[in-house]
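As they're listed, the protein sequences go chains D, P and B.
Residues in the first sequence are numbered consecutively from 1, following this note's numbering.
Residues in the second sequence are numbered consecutively from 1, following this note's numbering.
Residues in the third sequence are numbered consecutively from 1, following this note's numbering.
No lab work stands behind these hints, which were simulated from the structure alone.
Heads up, some of the hints might be wrong.
Dumping the calculated DMTMM-like pairs for lysine to aspartate or glutamate here, alpha-carbon to alpha-carbon at most 25 angstroms [unchecked claim]:
hint, chain 1, residue 1, chain 2, residue 2
1, D, Lys32, P, Asp278
2, D, Lys32, P, Asp169
3, B, Lys78, B, Asp249
Only a predicted model underlies this, so the values are computations on that prediction, with no experimental measurement involved.
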Amino acid sequence: MYYLQVLINGLVTGSIYGLAALGFNLIYGTTKIFHVAYGSVIMVALYLVTSISLTGSTAYWAVGAGLLISLALGALVYAILYAPLEKLGRPRPIIFIASLGLATLIEAVIPWIYSPQPLSFYLPSLNTVFFVGHIAISPLDVAAVAGSLVLSLSLWAIIKWSKFGRQLRAITSNVELGSVMGARRGLILGSVFAIGTAIGFIGLTMQTMSSSVTPVIDVSYTLIAAMIVLGGGAGSLVGSYVVALAWGVIQNGATLWVSADWASVIVYVAFLVLILIRPVGLVSSISKRTL
Amino acid sequence: MIYIIQTIVIYSLTYSIAVMGLSLVVGYSQIFVLSQAAVFGVGSFTYAVMSSRNITSDLLIVIPVAIVIGGLLSLVTGLPLFRLGGDYYIVASLAFQYVIIQGLVNWTSVSGGPPGLFGFSSPSILGWNITSNMDFIYVLVPILVLALGSLLWVRRMPYGRALVAMADDEAALAAGGVKADSLRVGVFVLAGTLAAVAGVLFTSFLNVASPGDYGISESILMISMVLVGGSRSLIGPFIGALFLSSLPYWLNLVNWSVYMTGVVTGVLLLLVAFFLPDGVAGLATSWVHRRRMHEQSRQASSVEPSLGGQS
Amino acid sequence: MTAEKALVFSRAGHVSHSTGRDGGSSRLVARGLFKRFGSQEVIAGFDHDLEPGVVTGLVGPNGAGKTTIFNLLSGGLKPDSGTVTFADQDVTGRPMHVVSRMGLGRSFQDVRVFPALDCLDNCALYAQTVRETSLVRTLLMPRSTARLSGVSRQVATEAVEFVGLGSKKDNLAGSLSYADQKLLAIARLLAIGATTLLLDEPASGLDRRGVEKLMEVIRRLRDEGRTILLIEHNLDVVREMCQKVLFLDRGRVLAEGTPDDVFARTELAELYFGA
C-alpha cells in the first residue's frame, strides 16, 4: 500500500512535468528553437493573473484568464522575437542568445514588480483528499493525470489527422524549405508557440496548486521540460511522456527513501546517464526524420 | 569612492579570468556552457575549505589545488562533448551546474550547507598577507597577465590554428588528421581551470563562500559577459566582465533597484542577437578582418600568378 | 631522384605507416563494399586494388556513387559490408582523422579550405603532429611545441611552393581565387604526407589555364610515385592524366581499363552523356 501511494504520488508529479514537457516539445519539435524563455513566459502569465485572485471561485476565473493570456504571450513572443530573428537569417545559436536574454529580462522584472515571496493558488475543493482503499487521492491528482493524458493524446491526434497537423509536419520535416510558406507558415508557428505556452501554463498552474511557486521557478521549469524532452527523444510525444512519469516516480521515491535534498540531484544524474547512453533520447524520431 | 573603484577593478579582473577561457569555448566550438559558475564555485570552496580548516591560506598552494580540482571536474563535465553537442550540451551543462551546486549544498560537513563558509583568514603568498584592496590588485594583475599570455600562446600555436579551423569546417579538419572533439574538450577544461582559479581569488577577497552565489543565474551572467563582449576575441570577455560585473555598483550609485542588473543583461543579450552577433569586440575585429580580406584580394588580382612553381 | 623529392614532405615519425612510394605496403584495397542509404543501394559491391604509383580515374554519371566511394575509402563512413585496407591495416569505417594520418589524404568537391587561415597555416594545420596538437604540451612544454610547430611550417612551406602558391603563402585562403584554393587543397594533402591522394573533382569550375596548372601539379605528383585516385568529369583531364579508368554506374564498376579503351565503348558513352 505504502509503495502504491509513492507510485501514485510519483505519477501525479510526473504528469505535471509531462505537461511542462508537452508544451516545450511542441515548440522544440516543430521549430527547433531552443526556447529557454519557455518557463519565463509562462511565469509572466501566471503572475499577471495571481493579482486577480488566488482563492475561492474567482481563482477559477483567474486560471481561465491566464490560459488566454498565455496563448497570447506565446504568439507574441514568436511574432516579435523569433520571427524577426529568423527573417534576419540569424543562425540557431544566436536565436538561443535572444531567448536567454528574454528569460533573463523576465526573471528580473517579475520579482521586481511582484514580491519574491512564494505564492500558491488555494482551492479547497481541489485539494480535499479522498481515500480509495488506503490510498489518498485529491481531485487535483486526478485532474493532473487525466489532464496530461488527454492533452497529450489530443495533441497527438491533432498532429496526426488534422489539416493543421499535416502542415505542421510539412514544416517540421523541412524547416527551411517547407512546402508551407509565407504568412501561413508564420500563422502555424505562431499558434505552435501559443498552444505550447498554454499547455505549459496548465502544468505550472497545477504545480502552484499542489505546492507553491516563487518568481525563480521559471528556470527549473524550463530545465525540467527540456531534460524530459531531450531524454525522451526530441519530437516524440510518447518518449517524453514516459520519461516524465518515470521522473516523477523516481523523484518521489528518492525523496522518501534517500532525502528530499538529494532527490532532484538523483533525477538529474539519471538524466545525464540516460542522455549519455542514448544521445538521441529514449524514443528516437530523429532517424525517421533524416531518412 | 576610491574604495568603490578598487572593488570594481577587483571584480572585473576576477570575472575576466573566470570567463576568458569560456570565450574560446563559445567562440570556436560554438558550444554554450551554462555550468561555468559551478566550477567557479568549486574553486571558491577550495579556498574556503582549506582556509577555514587552517590547512593553508597561501595562494601558491591553494591555486594549484584548485587547478587540479577544477580541471578534473571540467574533464568529467566536458567528456560528454564527445557525444553531445548543441542544445543537448546546453541542457547537460545546466544539469551539471545544478548537480554540482546542489551536491555542494547538501554536503554540509564540507560546504557548511546553504549559508556556506565565512570568516576565515585572509590569503597570503609566502608569508605576505594580502589584506588591502591594492594588495589584491597586485596579485590579480600578474595572474591575469599570465592567464591571458597562456591563451594568446595557445592561439598562436598549432592548437589555436586547429581551433580556428574547427570553427569553420570540422570535416576538413578531420581530413587533416585532427579530431574536433578532443580540441573541444581541451578548451573546455582550460576554461574550467581558469574559472576555478578565479573562484579562489574571488573568495579570498570576499571572505565568504556561499553555494547560492554560484547558481544557474550566475552561469547565465558569466556566459552573458562572453556574448556581450564578443566571443571571438580575447578582449571581448574583458569588456563584458568589466561592464556586467560592475553593473550592480553603478546602479547602486544612482540608487536603482538591484533587479536592473538582470534587466540590463537581458536587454543587452537581445541587442546582441538582433544587432551584434559577434558582441562589442566583434565590431572592431570584423572591421579589421574585412579590411585584410579586401586588401589581399586586391593584391591577389594585381600580382601576376607564377606558373608551375619553384621546385 | 623522385624518391628524394617525395621524402621532403614526410618527417620522422610523422607518416609512420607509409613506405609507400617505394612500392609495396601502402596499398589501398577495397573488398566487396556495399552501402545503402535508406532503401537506396548507393554502392553495390565495389572491389578494387588501387595500383600504386599510378593515376586512376573514377568516372561515371552523376549519382553513380563516386563521392560515396571516397567517403568509404577515406574513413568516417562505415560500409554495410566489405572492408577497406590501407598499408596492410584494416581501416574500414575508422575515423577520418586516423586514416588521413596514415597517409591517405582526400580532397573535397567543394574545396573546403579554411578561409580564416592563410595558405601557409592551411597546410601547417595538415602537417602538424598529434604531439603539437596537444593542449597540455602546448602549455607545459612551450619550447618543444614551438620547435615542432616550426617543422610543420617548414613542411607546409614546401607544400605551398610545390603547387606554386609560394608568393601567396601569407594570404588568407578566403581571399584566394577559386583556382588557387583548389591548388591549396592539394598542397594540404602533401603537407599531411599523403602517399595516396583521393582527389574529388579537382578540375571542376576551373578555366583552361587553371586546368593546365592543375594537370602540371598532378603530373609531378605522379612522377614522384604517389598513388592518385581521381574523380573527374572533365574527360580531357582524365585522358591525359590517368593510366587507368574505372567506370562507375549505380554503385558498380561497369568497366575498367585504359582511358581509350573505356571511352571507346559506346554503351558507356551513352550512359555517361545520355538522356
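To see whether the hints hold, each was checked on the structure:
1. About 22 angstroms separates the Cα atoms of lysine 32(D) and aspartate 278(P), which keeps this hinted pair within 25 angstroms; it holds.
2. At roughly 22 angstroms between alpha-carbon atoms, lysine 32(D) and aspartate 169(P) fall within 25 angstroms of each other, so this suggested pair holds.
3. This hinted pair checks out: lysine 78(B) and aspartate 249(B) have alpha carbons roughly 20 angstroms apart, not beyond 25 angstroms.
Hint violations for this structure: none, all hints satisfied.
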